[in-house]
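Quick note: this note's numbering has the sequence shown finishing at residue 521, numbered continuously throughout.
No lab work stands behind these hints, which were simulated from the structure alone.
What you are looking at is a predicted structure, and each value in this text was computed from that prediction instead of being measured.
A hint or two may mislead.
As the list claims (entries may be wrong) - Derived DSS-like pairs (lysine-lysine); straight-line CA-CA distance at most 25 Å: (1) K140 - K154; (2) K96 - K309; (3) K249 - K140.
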Amino acid sequence: MAWSRFTAKAIVHIDGDAFFASCEQAIHPEYRGKPLITGQERGIVAAASYEAKRYGIKRGVPLWEVKKLCPEIIIVPSDYETYSIFSQRLFECMRRFTPTVEEYGIDEGFADITGLRGPLHQSYGQITATMKKTIQDELGISVSAGLATSKALAKLGSKWQKPNGCTIILPDAITSYLQQIPVEKIWGIGHNTAQYLQRYGLHTAHDFARQSETWIRHHCVKPLQELWQELNGNSVWPVQPDAKVSYQSISKTKTFSPPSKNPSYVFAQLSKNIENACIKARRYNLGTLKLVIFLKTQSFRYASLELRFNRRTAFPAELINLTKQHFSQLYQTNTLYRATGTILPDLAPLEHIQMNLFEAPLRLEKMQRVYASVDQLAKRYGKHTVKQASSLNIAAHYDARVAERKVAQQANTQRQTTHQRQFVGLPMLNMQLS
């Protein structure tokens, strides 16, 4: 059964195929069809093209091991600014078809195309295929698409034929797809939840979806109840164009001009990146166990580090303190830097912060109260009403540059005045007022 005019929703999910690597292949056509990885600056694989994945190369593998697996591998540094631009253009392409687009991640998003068959003079399947082709033709990257009556099913569809796939899950074909999906592979189901469902004999998405509503309400929390509805083709998670419901990662970068070799100024810019990323993470009640920081030189070379924590956090004081301990590993003396950046990867809800064995509970509680107050002040008076002291060097550096320019201008004015007076034969009188 295809979509009828009575079908509630038509949802598209667009997902980039090995997005970072695909962006590099779009920028450098000579790399297309060849095994490629990003992460040269880190010494480990940050992203791998599908050609590289065929050699068993995965994210996090050391570069020396990669070269053994594939001697002809192309290794490039990560260019997060460029990837962000590609991301923006991807969503711009999607919005040409519908304004109802949700940016779910840097490389994936949902689009609600319900009711657009008439205005666009195409079927839902044709709209999806055209959207996918528009992105690929204009950006030169590979994406996969899924079309279904709910977000959960559309996301399932986009992963069905990766890479470069386009899967339409018709309402009467849902069961045949769900029967092939292990319960632990369902979007939104983690390891512990999968084990819980498996104890009841639910091993596939179909096993879960075919349970009665009574059973679901009795045994499952609200998010799982909503997921059950979604897998049965009922749209209960709306596409949210104005605000994202969650983020898998948050990145913040800053390019500054003129470039600087002042370590205090560069660290201050990096601190502000971290602070901005944490503000966004706390807004969605998310925390991270890892922090990626990177510096970009004037010659466009990258250096980055991945730092780890023993509990989830979104408190910039903690992240900045750890960054300060390792900053010397990134910063090179007398090197001009033009940009800094940070990534909070693998984000998850901060429903309950688990303290480590040696941590003082009062310190953690105090920090939670402090940042709750900071966030309240930001809502009332604006972002950065209260800011980290480590980022104040940005303003100090700026003020110092302004002062230097004023002194230079005054000296230049005095030289010009002296020259002009001497040129016309006027006497010079040097006086000092006490």
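Hint numbers not upheld by this structure, sorted from lowest to highest: Violated: none.
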